[in-house]
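Here is how the chains run, residue by residue.
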Amino acid sequence: MQEKLKDLVARATEEAKNIKNEADYLNIKSKFLGKKSELSELMSSIKLMSTEDKKKFGPLFNKIKNEFEELFSKKLEEAENVNDKLTFDPTLPISEDHGSLHPVTIVGREVTNILKDMGFMIFTGPEMDNEYYNFEALNVPKTHPARDMQDTYWLDNGMLLRTQTSSVQNRAMKKYGAPLRVCAPGRCFRNEDLDASHENTFFQLEGMVIDENISISNLIYTMEGMLKEVFKKDIKVRLRPGFFPFTEPGFELDCSCTICDGKGCSTCKNSGWIELCPCGMIHPNVLEEGGIDSTKYSGFAFGLGLTRLAMMKYKINDIRVLNSGDLRHLEGFNVR
Amino acid sequence: MKISCNILKKHIKNSEDIDFIKVWDKFTIRTAEVEGIEVRGTQFDGVVTAKILEVKEHPESKKLHILKVDTGNETLQIVCGAPNVRVGLIGACIKVGGHIDDITIGVRPLVGIDSYGMMCSGKELGISDDHNGIIELPDDTPVGVNFKELFPVEDIIVEIDNKSLTHRPDLWGHYGIAREIAAITGHELLPLELNEENPNKEKLKIEINNPESCYRYVGTKLDNITNNVTPMWMQIFLYYAGMRSINLLVDLTNYIMLELGQPMHAFDSRVVQNIEVGFAKENDTYTTLDGQERNLTSEDLMIKNGGKYFAIAGVMGGLDSEIVEDTTSIVLESASFEASTVRKTAIRLGLRTEASSRYEKSLDPNLAIIAANRFIKLLKDENPSMKFGSSITDVYPTIQGENKIALNKDYLYKYMGFNIEDDIVIQILSSLGFKVKNNSKKFDIIVPTYRSTKDISMPADIIEEISRMYGYENFSHIPLKMDMTFGNNEIVYDTEYNVKDYLANKYNFHEVHTYLWNKSTFLKKINVSYDNVKLLGKVEDNILRKDLNLSLLEVSTVNIKNYNEIGIFEIGTVINENENHRQLSILLIKNKENLKDGYYLIKECVYNLFKTFKNIDIKFDLCPAEEYYNKDLTLRIIANNNVIGNISVFNNSITNAISKKKVFICANIDFDKYIELESDKYLYEEVSKYPTTTLDYTIITERGTFYKELENVLDNFKSPIILKRSLIGIYLDGDTKKVTIRYTVGSLEKTLTSEELEDFKKQFIMHIHDNNLNIIEN
Chain F
23 MQEKLKDLVA
33 RATEEAKNIK
43 NEADYLNIKS
53 KFLGKKSELS
63 ELMSSIKLMS
73 TEDKKKFGPL
83 FNKIKNEFEE
93 LFSKKLEEAE
103 NVNDKLTFDP
113 TLPISEDHGS
123 LHPVTIVGRE
133 VTNILKDMGF
143 MIFTGPEMDN
153 EYYNFEALNV
163 PKTHPARDMQ
173 DTYWLDNGML
183 LRTQTSSVQN
193 RAMKKYGAPL
203 RVCAPGRCFR
213 NEDLDASHEN
223 TFFQLEGMVI
233 DENISISNLI
243 YTMEGMLKEV
253 FKKDIKVRLR
263 PGFFPFTEPG
273 FELDCSCTIC
283 DGKGCSTCKN
293 SGWIELCPCG
303 MIHPNVLEEG
313 GIDSTKYSGF
323 AFGLGLTRLA
333 MMKYKINDIR
343 VLNSGDLRHL
353 EGFNVR
Chain C
26 MKISCNILKK
36 HIKNSEDIDF
46 IKVWDKFTIR
56 TAEVEGIEVR
66 GTQFDGVVTA
76 KILEVKEHPE
86 SKKLHILKVD
96 TGNETLQIVC
106 GAPNVRVGLI
116 GACIKVGGHI
126 DDITIGVRPL
136 VGIDSYGMMC
146 SGKELGISDD
156 HNGIIELPDD
166 TPVGVNFKEL
176 FPVEDIIVEI
186 DNKSLTHRPD
196 LWGHYGIARE
206 IAAITGHELL
216 PLELNEENPN
226 KEKLKIEINN
236 PESCYRYVGT
246 KLDNITNNVT
256 PMWMQIFLYY
266 AGMRSINLLV
276 DLTNYIMLEL
286 GQPMHAFDSR
296 VVQNIEVGFA
306 KENDTYTTLD
316 GQERNLTSED
326 LMIKNGGKYF
336 AIAGVMGGLD
346 SEIVEDTTSI
356 VLESASFEAS
366 TVRKTAIRLG
376 LRTEASSRYE
386 KSLDPNLAII
396 AANRFIKLLK
406 DENPSMKFGS
416 SITDVYPTIQ
426 GENKIALNKD
436 YLYKYMGFNI
446 EDDIVIQILS
456 SLGFKVKNNS
466 KKFDIIVPTY
476 RSTKDISMPA
486 DIIEEISRMY
496 GYENFSHIPL
506 KMDMTFGNNE
516 IVYDTEYNVK
526 DYLANKYNFH
536 EVHTYLWNKS
546 TFLKKINVSY
556 DNVKLLGKVE
566 DNILRKDLNL
576 SLLEVSTVNI
586 KNYNEIGIFE
596 IGTVINENEN
606 HRQLSILLIK
616 NKENLKDGYY
626 LIKECVYNLF
636 KTFKNIDIKF
646 DLCPAEEYYN
656 KDLTLRIIAN
666 NNVIGNISVF
676 NNSITNAISK
686 KKVFICANID
696 FDKYIELESD
706 KYLYEEVSKY
716 PTTTLDYTII
726 TERGTFYKEL
736 ENVLDNFKSP
746 IILKRSLIGI
756 YLDGDTKKVT
766 IRYTVGSLEK
776 TLTSEELEDF
786 KKQFIMHIHD
796 NNLNIIEN
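Chains as they are written, first to last, in our numbering: chain F, 23 to 358; chain C, 26 to 803.
Accuracy of the hints is not assured; some may be wrong.
What the hints assert, rightly or not - Below, in silico cross-link-like pairs of lysine-lysine (DSS-like), each with a Cα-Cα straight-line distance of 27 angstroms or less:
hint	chain 1	residue 1	chain 2	residue 2
1	C	LYS506	F	LYS254
2	C	LYS506	C	LYS639
3	C	LYS306	F	LYS255
4	F	LYS335	F	LYS318
5	F	LYS318	C	LYS429
6	C	LYS51	F	LYS258
7	C	LYS439	C	LYS405
8	C	LYS369	F	LYS164
9	F	LYS42	F	LYS138
10	C	LYS306	F	LYS164
11	C	LYS639	F	LYS164
12	C	LYS621	F	LYS138
Source of the hints: derived by calculation from the structure; they are not laboratory data.
For clarity, every value in this text was computed on a predicted model and none was experimentally measured.
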């Protein structure tokens, strides 16, 4: 009996090696464990054994049976897994085909999301606009020298390409009235020669808050809070007097240069500061022109340079990259 | 504008307490932007005034001379090549051991003869451009004195950004800057030393015909001017400020302009008869100082003399009134012109002079008389025997008053966000020349005339003065308080972002930004032209775009070298019929053999943009195309029965100039319309509890038939038991095209009977046959 069993185990072990798929498994299982298998026959012969042998072989049969089951299913498992491994190479690199968003789009989204969290609505305005919205409604009359400050692209149909997103101010005021918290990202144009830091086509984000008790202190808090969120760090901010006909008082907001961390580089013209954002309290004339009572309401506005912001955030040192359409520069911007 | 700290120091009491390097950081955040600070005059030392005692020919050189020079405590032998050496000349001598531009002066042989130092030119000392000879100092200059003690060579020159001063007529001269520095540092501004004499003599004949454009004209005749040599300190200053020293009379007018901001003019009095200020006659001409003949219009304000044009008011004078060598008597003009009149003329003539750029800031008319008296004072310092040839004639029709502004304290506190002490307000405003009366709830403020012309006219303007001097860095940071009412929201920006995100992340396309115009060279290259709104003043790259696809094609030329197949997109403005339109454009660059794949991909992508974001099933329709697109491959995109865009393929004849191997497939969608499209609501559809049946049919059409035609046939077959129809496959077989479609049929109420099924089959096959098509039942 011992010999028989030994032989059986040897044969089963040998044949188990041939299990390559589920069919093999079922065949072998039926051969060695089925009702008509040798093992079954041996097990049914136990009835004829002496009590002593019963005690000896009973557990042994069961043990062998269990071992067989385990062996076969293990071999099947191995076979299945081996097959998988052979069909492909797990070490191949993944496809690098990945789309991208323009850096200004990504930054614009971030800033508008921050402003939305602060209760601002998002507004838009046209790129080709008229003198009224771009100048007159902003307290810049025809003869005002401020029109020289911005080299305007005038068009042969009497209109212009907006020089600033402030052109939305009057529209937003007339449409929604006060109180108002609004931001408007958009593209602006100035007739400038191109170099590493000058573009004729660039993006700004206009922000405007109008309510009954809006102060310079509110402006400082809001701008600082927003920029800290944008840069995710404690950047330094300073206000200087700045003159814009549509603000009074008007400011230039500078922040420490993020390319050189304030040490001085070509982007910040070695000053350590980047002129980021003209801002100010909305001029009473601009409020009135927008149909808002300037004795009751006050407000502030800012024109954040989204293009500049994108350059700072991604350490892009040549502004011309942004409108180049050259994907070698742009395809990496696939982060959200 | 360049500012000399030496001149500022003259106007500020105890100015030695001020650090004139550091103070500009404060100035930047209190007043205006500083572009640069330059320390001048430190590049040399060891220079003394020295008198030439003897001039001898050099034995070996025709150019060189051997000089004996008195340097005070010793007489030195100096070999000098300057042509203007002469006995008695007092010049500047750098002695052995002195330095100039990092060079140490030593004893040096010049063609065999030792030189114990060097006589310097103005250029070598950095105080003029003159290198024709050695510097010549006045005969009364003491000898042997350190040059720097005698003359203000060491200076700090500060460049202030003109753009940050456009609103401040008072800051276009040193005195105004000095007032700001004094206020910032808590110092006292010294009053100007002025002429106080106005002799009771005959008046000059001055007439203002257009008082709305000429606010004031001060004229005076000054005789017996014998010294026309500019003092060295003023020469150095003018040079540092970027001007050329000419002679005392011209230099003084420039000096006053730089010191006070008031442009003035000195005419040779021999040509002056009677002065008239008025507008020119249309189409008249006038030749300006630079020799150019100018065409005039009736909007150009002119100074006339004896009935003839004499100068363009506030812009430039003419040749006939110039100061010449033998001028000993002048008529001084110090006038005030209306800003926009001067500005318009200056722009039209392309003559933006130092004078016009100041006048167009709205100068204070009261400055005109101050400047005249300052001129007379400084001229008299150099010409003690000068005499008045007339009284100071002042024609001043409308007197510029001081603005009076009441500033409510509540308004001030509201604007600042906190309460500020009265004393601080009063101190700040007083330091800037405002008069302040504290009236419990408000301040009554009198604005000095130099801030009253346009700069400060309302309470908000006063708040700026207080705020900037208080210092923005000292302000509180106060969060906005908001109410919780729902704000309005506009979906344009969010929709644009979502679509961009979808295209980038689902289809792996790349977003680009392109200009609002196509490059002319590009359009020429692909031989496409169109007419549209144009940029003025430009001859190239000047036509605004109508079709965003062309912009994407333009940037493809950049990318084609580096990428095989790629998709790009942009949402941008195009101009059509004088209106702004937002357009979404997608462009796929594919190898020519992959046209079909690319075309179907872009079609699927467009379909999904509507399905995903609007739940709208759009339709496509073949349609005619712009001539640069393939006429057989252009589809209209139709959403809710409106055409909303196109799918198209650029003609090879266009794109072969870019690449012969690639094909450029594009889609454009009118994004304004896309945003306005209302989303179809998705409503839950019940799933049949009863079994459904799928039926496959293969319909045989001619090979060249578009699926669209078959689709129309299928659309016309209607049955209540159709749950779904789908295209399974298309197989081309010889001249035929076999299209397999699958119907899923069933009912929500019951299991279909075999009769119903059979009936459906019969009806359908009949319908196909009725349309003259063959069908195989699978």
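Holds or violated: LYS335(F) to LYS318(F), with C-alpha atoms at most 27 angstroms apart: Violated, at about 39 angstroms.
Distance restraint between LYS439(C) and LYS405(C), which requires alpha-carbon spacing of 27 angstroms or less: Violated. LYS439(C) to LYS405(C) sits at ~53 angstroms, over the 27 angstroms cutoff.
Holds or violated: LYS506(C) to LYS254(F), with C-alpha atoms at most 27 angstroms apart: The given pair, whose Cα atoms are some 23 angstroms apart, holds under the 27 angstroms limit.
Given pair status - LYS255(F), LYS306(C), alpha carbons within 27 angstroms: violated (64 angstroms)
Holds or violated: LYS318(F) to LYS429(C), with C-alpha atoms at most 27 angstroms apart: holds (22 angstroms)
Proposed proximity, LYS164(F) with LYS306(C) (alpha carbon, max 27 angstroms): Distance of about 24 angstroms is within 27 angstroms: holds.
Given pair status - LYS164(F), LYS369(C), alpha carbons within 27 angstroms: Holds. LYS369(C) to LYS164(F) sits at ~11 angstroms (cutoff 27 angstroms).
Agreement of LYS506(C) and LYS639(C) with the hint, judged by alpha carbon distance not exceeding 27 angstroms: Given pair LYS506(C), LYS639(C) is violated - Cα atoms ~37 angstroms apart, limit 27 angstroms.
27 angstroms Cα cutoff - pair LYS42(F), LYS138(F): violated (61 angstroms)
Holds or violated: LYS621(C) to LYS138(F), with C-alpha atoms at most 27 angstroms apart: Violated, at roughly 43 angstroms.
LYS639(C) paired with LYS164(F) [C-alpha distance capped at 27 angstroms]: Not satisfied, since the Cα-Cα distance of roughly 45 angstroms exceeds 27 angstroms.
Satisfaction of hint between LYS258(F) and LYS51(C), Cα-Cα up to 27 angstroms: This hinted pair holds, its Cα atoms lying about 17 angstroms apart.
Hint check: violations occur at hints 2, 3, 4, 7, 9, 11 and 12; the rest are consistent with the structure.
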